[in-house]
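Generate coordinates for the entire structure from the input sequences, incorporating the hints supplied.
When we follow the numbering used here, the leftmost residue of the sequence shown carries the number 356, and every step to the right adds one.
Calculated directly from the structure, the hints in this document are not laboratory data. All values reported here derive from a predicted model rather than from experimental measurement. C-beta atoms are modelled at their ideal positions from N, C-alpha and C, and glycine is treated no differently. Heads up, a few of these hints could be off.
Claimed, not checked - The calculated DSS-like cross-link candidates involving lysine-lysine, where the alpha carbons are at most 25 Å apart (straight line), are:
| # | residue 1 | residue 2 |
| --- | --- | --- |
| 1 | 357 | 399 |
| 2 | 427 | 448 |
| 3 | 492 | 399 |
| 4 | 448 | 511 |
| 5 | 357 | 432 |
| 6 | 357 | 425 |
| 7 | 425 | 492 |
| 8 | 448 | 492 |
| 9 | 511 | 432 |
| 10 | 378 | 432 |
| 11 | 511 | 492 |
| 12 | 427 | 492 |
| 13 | 511 | 427 |
| 14 | 357 | 448 |
| 15 | 382 | 399 |
What the hints assert, rightly or not - Quick list of simulated restraints, FRET-style, between CB atoms:
| # | residue 1 | residue 2 | range |
| --- | --- | --- | --- |
| 16 | 516 | 477 | 21 to 31 Å |
| 17 | 399 | 423 | 30 to 40 Å |
| 18 | 477 | 515 | 18 to 28 Å |
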Amino acid sequence: MKLYHGTNTDIEVIDLSRGLRHKDFGKGFYATPDRTTAVRMAQKRARLFGGEATLITYEFDETTLPSDLKIKRFPEKATVEWLLFVDANRDRKNTSSIHDYDIVIGPIANDGVVLQLTNYREGIYSPEQAALLLQDKYLDQQYYFGTDRALCFLHKINVETV
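Here it is, written out as structure tokens:
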């Protein structure tokens, strides 16, 4: 399968220490199977930080993953478990990782999700209500790579300016 990473410059070697801690699935490297989503992210990153909108394409073969690699796969739609997982990872009070997965696969928390997370945090909705309100929304998918071992299964095949 092809995964895409949208950024503002080519990445020769992925350095997990450069990732941001309070992302959907924590500090790590993110890619998406949706090329359009990755292009949009590349353009946004270039607009915010300079450089050129760059799309990096990777080959990822899930069938080659060893059984002892820790993988968490969420359904494609919002669930209470996914919502609470994203909320915990994005919580700035957490100073260390909340999980030890090598790879996490699941929906991207877009602006609509952030609104429901805020409503949940402020006590307006329960996690069940917030997840239910997101059920009809299409959420792009993302792959999180949190360990160097997981990155060994991601192979760069193309870099292009978009």
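Tested hints:
no.: 1; hint: 357 / 399; result: holds, 21 Å
no.: 2; hint: 427 / 448; result: holds, 23 Å
no.: 3; hint: 492 / 399; result: holds, 22 Å
no.: 4; hint: 448 / 511; result: violated, 35 Å
no.: 5; hint: 357 / 432; result: holds, 21 Å
no.: 6; hint: 357 / 425; result: holds, 21 Å
no.: 7; hint: 425 / 492; result: violated, 28 Å
no.: 8; hint: 448 / 492; result: violated, 28 Å
no.: 9; hint: 511 / 432; result: violated, 28 Å
no.: 10; hint: 378 / 432; result: holds, 18 Å
no.: 11; hint: 511 / 492; result: violated, 31 Å
no.: 12; hint: 427 / 492; result: holds, 22 Å
no.: 13; hint: 511 / 427; result: holds, 23 Å
no.: 14; hint: 357 / 448; result: violated, 35 Å
no.: 15; hint: 382 / 399; result: holds, 20 Å
no.: 16; hint: 516 / 477: 21 to 31 Å; result: violated, 41 Å
no.: 17; hint: 399 / 423: 30 to 40 Å; result: holds, 36 Å
no.: 18; hint: 477 / 515: 18 to 28 Å; result: violated, 42 Å
Going down the numbered hints, you'll see the structure goes against 4, 7, 8, 9, 11, 14, 16 and 18, while the others check out.
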